[in-house]
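Undergrad: These protein sequence lines map, in sequence, to chains A and B.
So that you can map any letter, position 46 of the first sequence is 45 in numbering that gives the first Met the number 0, and since no number is skipped, the others follow by simple counting.
So that you can map any letter, position 19 of the second sequence is 18 in numbering that gives the first Met the number 0, and since no number is skipped, the others follow by simple counting.
The hints are simulated quantities; they were obtained by calculation from the structure and are not laboratory data.
Glycine is no exception: its CB is placed at the ideal position from the N, C-alpha and C atoms.
It is possible that some hints are incorrect.
[What the hints assert, rightly or not] Not close to chain A: a few residues of chain B, all C-beta gaps over 10 angstroms, as computed: (1) Arg82; (2) Ala175; (3) Lys211.
[Claimed, not checked] To give a feel for the contact side, a few chain B residues facing chain A, derived at Cβ under 8 angstroms: (4) Met0; (5) Val20; (6) Asp86; (7) Arg181; (8) Ile182; (9) Leu183; (10) Val252; (11) Lys256; (12) Asp299.
2 protein chains.
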Amino acid sequence: MSVLVVGSLALDSIETPFKSVQDVLGGSASYFSLAASLFTNVKVVAVVGEDFPDEYIELFRSKGIELEGVKRAPGKTFRWHGRYGYDLGDPATLGTFLNVFEKFDPMIPENYREMEYVFLANIDPQLQLNVLNQVKKPKLVACDTMNYWIENKPNELKEVLRHVNILIVNDSEIRALAKEPRILRAARTVLDMGPEILIVKRGEYGALMFSKEGIFWAPSYPLEEIVDPTGAGDTFAGGFMGYVTSQNTADSVEFKKGVIYGSVVASFTVEDFSVKRLASLQIEEISTRFQAFLKLSNLD
Amino acid sequence: MSVLVVGSLALDSIETPFKSVQDVLGGSASYFSLAASLFTNVKVVAVVGEDFPDEYIELFRSKGIELEGVKRAPGKTFRWHGRYGYDLGDPATLGTFLNVFEKFDPMIPENYREMEYVFLANIDPQLQLNVLNQVKKPKLVACDTMNYWIENKPNELKEVLRHVNILIVNDSEIRALAKEPRILRAARTVLDMGPEILIVKRGEYGALMFSKEGIFWAPSYPLEEIVDPTGAGDTFAGGFMGYVTSQNTADSVEFKKGVIYGSVVASFTVEDFSVKRLASLQIEEISTRFQAFLKLSNLD
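Chain A on its own, in the form it takes in the complex:
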C-alpha cells in the first residue's frame, strides 16, 4: 500500500540559543514523507522553486519516495525563518516567504487518483478540498490544519472535516476549533463535525486519540536531547499514516500502534536539525524505542 501526501516542501532557517542553520530542508511534506517512508511507499504532491537543491531530491529518491507530483515552478522555494527560545517551545516566526507556494494549486497526477491512503498536510482548506475532488474513492483520509485557517477559513475547513476520516492537530488547535478549553468536550464537538478519529498531539506530553471506541493515550519518551522541535508534528503524522497504511486495516489496535509509532519517529526528529536524524533512522532503532514507549506505561 502507498500513501499520498499533499503539502509543502520548504527551505527553513532556524535559530536556537545553541546553534543556527540556514536554508535546510523543511516543510510538512518533507517530514511527513521521510517518516512515512520508514513503513510504506510514499507519493508526494508539492511545489518547489528553481533553487530547490538536487541533494534533497536525491534524499527523497534514496528512500523510495515518489516525486512525480512535485512541480518545479519558476521562482524561489517556500522559505520559513524561525527562532526558538531556551525552552525550545513555540518558535517566533521571523519571516515567511511563500514564493512559489503562493500559487500552489495541487494537481494530482492521473495515476495517483486511485490512492486509498491520503494525508492533507496543513495547507489552505480550499486546496485540501481541491485535492479531495481529485482522488476517486480513498479508504482513509487524514488532515492537519492550523489556527490561521481555523480563524480565517472556517467554512472551507468545516467542509474538509465533513470529508476526512482523521483529524491530526495539537492542543491549542483543537481548543480553537471547538471554541472550548476542556479537551474532552472539545474532542466531542470536533468528532461531531465529521472525522471518526481525532488525534491530539501534545509534544513532550504525548498524544491522545479520540474515537467512538473511547480514548487512547500514548506517552512521549522523556528525551535526553532536544535540538530542534521543527517538524515533530508532521513527522508524527507521517509515522502514524505510514504505519497504518502498511497494515491496510481498520483494526483499532493498529491505529493505537500507529499513534505510538508516530510519537516514536517524532522523538527522533527533534534530536537534530531539519530531517537529519530522520534521514539516517533505521527501522531497528524504531522498534527498540517502540518497546521502550510501551514499557513506560506498563505496570510490571
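Could you slot chain B onto chain A? The hints should help.
TA: Using the frame of chain A, we list chain B on its own:
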C-alpha cells in the same frame, strides 16, 4: 499501617470565572489526609487558629483521621485567597495570610515518633528537618516543596533531600531545583541529591516517576468537568502515600499503582471546590476510574 502528614490546614477563598467560594477548607494537610484516608489510617500534625470551624474537625474525624498533633493556637487560621482565569491554570495569589501558621514549629506527639510512613508537605525546609529529627526510624519519607523554598532556602532543602526517599513535585519545580530545562537530565540531577524516587506531577498531562529502575508514565484521565484545581497536587500525594502505606511493601509495581491511584483521586478533587468531592468519594468510584486509567494506555 498509618501515614503521618505534617503540613498546613487553611481556609481558602477561591475565585473562578464561573463561581467563587469563601473560607472553605484548604491547605496541604487537608487534601493529603482526606485522600490518604481512603486507603489507610492518617495522623496529622498541623496548627489551626481559634476560628477553625468545628465542622471541618468533624469531617476529619468522620474519616478516621487522627488529630492529636493538630494544635489550636491563639489567633486566626492560615488563609489563602486565589483567583483562576478561564483556562483554570495557575492561579493568581490575591492574598496569603499566614496568621498562626507563621510560628508553626511542628511538634510530633510522642506516640507518633515511631511512624514508618511520613509525608512532609510543602512547608519551610527547616521545619521539614525539624520533623525528620523527631521521627525515629521511618521506613519511607516523601516530601513536597515549591519554587519559593528552592530559591530562598536551597541549603536547608538540599539537607532535606539527603534524608527523604521520595520527592513529589511539579514540572516547573523540578526544572528550577535542577537548574535544567530538560526533564530527563533534571530528574537525574535531583536523584543524585538524595531521593531514590522522584515523582513529577504534570496536571492534565499525568505524572512521571523516575527511579534507578527506569521511568514510569501515568496518564491523566481527560475530565468532563474541572471546577477548582486547588489541592490537586496534595491530593495526588495523599492518594499515592495512602495506597503505598496500605500495601507496606517496597515493590515497584505497588509504587506504580500508587502513582495511578494518586492521579485518580486528584482527578476527583478538581471536580468541585475545596475538599467537597474528596469528602464524598467512595472506594468503588476510585476502583472504576483506576480501571479506566489503565485502559487509557492499553493497546487492546
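Undergrad: Which numbered hints turn out to be false for this structure?
TA: 4, 5
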